[in-house]
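S.K.: Spelled out from the first residue to the last, the chains are:
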Amino acid sequence: MEKKTRREESKAAKAILITISFLFVGLMLVVPLISILVNSLSKGFGFYLSSLGTKFVSSALKITILATAAAVLVNTLFGLVASWALTRFSFKGKQVLSTLIDIPFSISPVIAGLAYIMTFGRMGWAAPIVEGINNALGTDIQIVFAIPGVLLATIFVTFPFVSRELIPVLNAEGTDEEEAAALMGAKGFSIFKSITFPKIKWALLYGMILCFARALGEFGAVHALSKTRGKTFTLPLEIDALYLSGSADSIVASFAVSSILVIMAVIILILRNLLEHREKGKSGIV
Amino acid sequence: MSKSSAEQKKQTKKQGRVIPGFGLTLGITIAMLSLLILIPLASILVYAFKMSPSAFIETITSENVRWAFLTSISASLIAALINSVFGVILAWVLVRYDFFGKRILDGLIELPFCIPTAVAGITLSKLYSDKGMFGKALGVIGIKVSYTHLGIIVAMVFIGIPFVVRAIQPVLEKLDGQYEEASYILGADRKTTFFRVVLPELRPALLTGFGLSFARGIGEYGSVIYISGNSAKEHTQVVSYVIMQKLNYMDYESATSIALVMLVISFLMLLFINIVQVRQSRRTNDVA
Amino acid sequence: MMKKNVQSITKKVAALIVAGALAVGLTACGSAGAGGSDGQSGQAGGEELTMTNVSYDPTRELYAAYNEAFAKHYEAETGKKVTVVQSHGGSGGQARSVVEGADADVVTLALEHDITLIEEAGLIKEGWLSEFPLDSSPYTSTIVFLVRKGNEKGLKDWDDLVNDGVAIITPDPKSSGGAMWNFLAAWHFADLKFGGDEAQIKDFMAKLYGNVTVMDSGARGSTTTFVENGQGDVLLAWENEAINTLKEYPDEYEIVTPSISILAQPSVAIVDENADKNGTQELAKAYLDYLYSDEAQKIIGENGYRPSNQEILKNFSDKFDLNVNLCTINDFGGWNAAYEKFFTDGAIFDEIYSK
Numbered sequence: 001m002e003k004k005t006r007r008e009e010s011k012a013a014k015a016i017l018i019t020i021s022f023l024f025v026g027l028m029l030v031v032p033l034i035s036i037l038v039n040s041l042s043k044g045f046g047f048y049l050s051s052l053g054t055k056f057v058s059s060a061l062k063i064t065i066l067a068t069a070a071a072v073l074v075n076t077l078f079g080l081v082a083s084w085a086l087t088r089f090s091f092k093g094k095q096v097l098s099t100l101i102d103i104p105f106s107i108s109p110v111i112a113g114l115a116y117i118m119t120f121g122r123m124g125w126a127a128p129i130v131e132g133i134n135n136a137l138g139t140d141i142q143i144v145f146a147i148p149g150v151l152l153a154t155i156f157v158t159f160p161f162v163s164r165e166l167i168p169v170l171n172a173e174g175t176d177e178e179e180a181a182a183l184m185g186a187k188g189f190s191i192f193k194s195i196t197f198p199k200i201k202w203a204l205l206y207g208m209i210l211c212f213a214r215a216l217g218e219f220g221a222v223h224a225l226s227k228t229r230g231k232t233f234t235l236p237l238e239i240d241a242l243y244l245s246g247s248a249d250s251i252v253a254s255f256a257v258s259s260i261l262v263i264m265a266v267i268i269l270i271l272r273n274l275l276e277h278r279e280k281g282k283s284g285i286v
Numbered sequence: 287m288s289k290s291s292a293e294q295k296k297q298t299k300k301q302g303r304v305i306p307g308f309g310l311t312l313g314i315t316i317a318m319l320s321l322l323i324l325i326p327l328a329s330i331l332v333y334a335f336k337m338s339p340s341a342f343i344e345t346i347t348s349e350n351v352r353w354a355f356l357t358s359i360s361a362s363l364i365a366a367l368i369n370s371v372f373g374v375i376l377a378w379v380l381v382r383y384d385f386f387g388k389r390i391l392d393g394l395i396e397l398p399f400c401i402p403t404a405v406a407g408i409t410l411s412k413l414y415s416d417k418g419m420f421g422k423a424l425g426v427i428g429i430k431v432s433y434t435h436l437g438i439i440v441a442m443v444f445i446g447i448p449f450v451v452r453a454i455q456p457v458l459e460k461l462d463g464q465y466e467e468a469s470y471i472l473g474a475d476r477k478t479t480f481f482r483v484v485l486p487e488l489r490p491a492l493l494t495g496f497g498l499s500f501a502r503g504i505g506e507y508g509s510v511i512y513i514s515g516n517s518a519k520e521h522t523q524v525v526s527y528v529i530m531q532k533l534n535y536m537d538y539e540s541a542t543s544i545a546l547v548m549l550v551i552s553f554l555m556l557l558f559i560n561i562v563q564v565r566q567s568r569r570t571n572d573v574a
Numbered sequence: 575m576m577k578k579n580v581q582s583i584t585k586k587v588a589a590l591i592v593a594g595a596l597a598v599g600l601t602a603c604g605s606a607g608a609g610g611s612d613g614q615s616g617q618a619g620g621e622e623l624t625m626t627n628v629s630y631d632p633t634r635e636l637y638a639a640y641n642e643a644f645a646k647h648y649e650a651e652t653g654k655k656v657t658v659v660q661s662h663g664g665s666g667g668q669a670r671s672v673v674e675g676a677d678a679d680v681v682t683l684a685l686e687h688d689i690t691l692i693e694e695a696g697l698i699k700e701g702w703l704s705e706f707p708l709d710s711s712p713y714t715s716t717i718v719f720l721v722r723k724g725n726e727k728g729l730k731d732w733d734d735l736v737n738d739g740v741a742i743i744t745p746d747p748k749s750s751g752g753a754m755w756n757f758l759a760a761w762h763f764a765d766l767k768f769g770g771d772e773a774q775i776k777d778f779m780a781k782l783y784g785n786v787t788v789m790d791s792g793a794r795g796s797t798t799t800f801v802e803n804g805q806g807d808v809l810l811a812w813e814n815e816a817i818n819t820l821k822e823y824p825d826e827y828e829i830v831t832p833s834i835s836i837l838a839q840p841s842v843a844i845v846d847e848n849a850d851k852n853g854t855q856e857l858a859k860a861y862l863d864y865l866y867s868d869e870a871q872k873i874i875g876e877n878g879y880r881p882s883n884q885e886i887l888k889n890f891s892d893k894f895d896l897n898v899n900l901c902t903i904n905d906f907g908g909w910n911a912a913y914e915k916f917f918t919d920g921a922i923f924d925e926i927y928s929k
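Protein chains in written order, with the working numbering: chain A, 1 to 286; chain B, 287 to 574; chain C, 575 to 929.
Take the hints with a grain of salt, since some may be wrong.
Straight-line alpha carbon distances no greater than 27 Å define the calculated BS3-like cross-link-like pairs of lysine-lysine that follow [said to hold, decoys possible]:
#1 94/A to 14/A
#2 336/B to 915/C
#3 43/A to 55/A
#4 388/B to 14/A
#5 519/B to 915/C
#6 727/C to 430/B
#7 727/C to 422/B
#8 417/B to 893/C
#9 730/C to 781/C
#10 43/A to 422/B
These are computed hints drawn from the structure, not numbers from a lab.
Quick caveat, the model's predicted, so the values are computed rather than measured.
Construct all of the structure, not just a fragment, from the sequences and the given hints.
M.R.: Below is the structure:
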């Protein structure tokens, strides 16, 4: 008797919670996205395609992919290493270190971009060093207002993403199994591979995807140190340039370029879903 | 005597580190953190110290800067709270239930990230302005969103929600049903079970998500400036906007002073959250 | 014990080296890409010359058209091909990026004050203002009202804007250099109206800015708020922006030219330090000189800016209201004085806006 009421209650709760979720995601996330897509097609499909075919867009796409790849690569490596250090050991200053890693989150992206400018730019203290290297090697390496700056800025804003996803999971797991393995004489890497990695697989994937998505859309920090369209612009900057051009056509074109970012993200998210589906073998309802 | 006790301490400390890789991982962590984040940041923050202390105080306590701090902090706290509530619900629904459209829902969570913040801001300000779809509907019941504080919160909710969901989801997946089961058997209802059994387990992850969403909101520029109206009178200027105002007239000293104060405030808040989080997870681990 | 300590230190050092190598490797591989493309285009004196023009937001179409005309002209004169790389953004931010090291050969910005900032940083030689004719401003513009079709609130001049219930859209002069022109134009009107009585002028300005419902960070943002989001009754806009909006939506808006406005003089200059380094001094001079040619002045007029050549300006009399009474920045004692008086922290703008 009692069991039945609990199930009924649970059914009601399930229905309510699912409805809330769909409403929230629908209103907060989906409608804005759809409005972007609708805007991008408001001048017809032909216009949509032609606005994606410019040389500015293809250059921006390349740099966006490069910057996103660099950010995911560096931050995944950092995330694995840092979360290992911060969860498997206790040491003095751990909380401070852990909080320092979060700093890039709370910094205005404008300041993040400026930080590199004030390091490597014309007024930066490291500028003579870069120049010295250039003179010695006969190269013409530029950091800011060039592609390396774009990569650095993208890495900066997504720096904590992977580590932040891994740390709670590793903390929740505790260290018993790793300790046991270590006491039995297992080497560091094999402990990681056979014990830790399976536990953090999904969190790692979430972190990488967050990092990917955020790197794809980063604007402020990159904007501070990337000024030339067709050379150092990423897609978000190209979108901004089109939008600010001011003609009704270019505003539609800017939404069309935005839709590339959405499509790229959707492709990655579908890939992730497939992977998850296959691995977990869950009943896949759509 | 004292020597041996010190040695003993060292010994126990070493024993705490049976897992290998401490030096290597900590070394890489600190090196990367310093090279990529801390040194560049320090290079800009030195500009704040070029100011005389009195000029520094005057800059950061001027009226519009004070209001901007208040606006940024309160709006991002409220947004982080909203995100925490909906983040828990979303993560719960995605982990615990099977239903039609679940994987689509799951896939949508990160999408706000890939939209450049400026595009998000422009789109949101249009949707929520009194001529837009949501704005019109809300206007009927007398609520204005675009160009008010509500608008700032909406933008911050939009950019912060993935953090909470994705922080909780993996932990919830790991949480097996046996405690809940036990709780039911002992006669607790669902509400009690959730608040007394499940939520404490989630709290560290929830705090992480809350902290991230809050931190992201506090520094946000692109999505906020289009929807906030940036009125000094209505106090809808956020800190990033005021920093930008200073930078536009090449006032590096003032800009970095404000950035420095913001940095210290958010560092302290994040540190607090981190410490609480570790306490929490230690407690739950001990119980387990 | 000892051995273990040594081991852990070696490990720490190794870790530092690994991380360092990683960071260096990353920047190096990134810059190899950048260096490659720079090397191709940066060659001075070769067949193809490249220069960079750092400009402000609304001039995108203008310079797209002008660069084409200039490239043709320059190739006919010298036999060399030229590619001009454009950079656009808020005028103040653009000036700042040049100071911070963006490789601009010439700057074409919204106001003299922004170029002065670059001069103060040592990148532009003193006396740039007289290097090209007419205070180095080859085109001008002014501030007009853009209103919705029908002009329901009957807004004809500045004093209509202070009426109750008028919603004004204008950018924040503390954030956008261009928006300072809007403020100064209104101030000049009030100055004449109240015969220089500063208390009354401030009162008028306080009312005017009290009617501002949305203050965006830049001129483009304000146009979007007014046009796309449908906010406000009147947009205080650059004449060229207003003309372009009207071109896009002829049935939805009207331009109202007030009795008094300000002669907005965008300025141009060669960034000497960069041009010397890049070997583009001559090219840069030719580029800015040609802005004063008849052909370029025509392009300027077609893009909604007022040509500084009075003869050619007359040909566009159907486009521009030439009867408007225009003051100049000199009526305010120049940019530095105007900036100090009105826009620094706690100056007049802060005072009237917080009223």
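S.K.: All hints, please: hold or fail.
M.R.: Cross-check of the supplied hints:
| no. | hint | result |
| --- | --- | --- |
| 1 | 94/A to 14/A | violated, 40 Å |
| 2 | 336/B to 915/C | holds, 25 Å |
| 3 | 43/A to 55/A | holds, 20 Å |
| 4 | 388/B to 14/A | holds, 13 Å |
| 5 | 519/B to 915/C | holds, 21 Å |
| 6 | 727/C to 430/B | holds, 23 Å |
| 7 | 727/C to 422/B | holds, 23 Å |
| 8 | 417/B to 893/C | violated, 31 Å |
| 9 | 730/C to 781/C | holds, 17 Å |
| 10 | 43/A to 422/B | holds, 25 Å |
When held up to the earlier numbered hints, the structure conflicts with 1 and 8 and fits the remainder.
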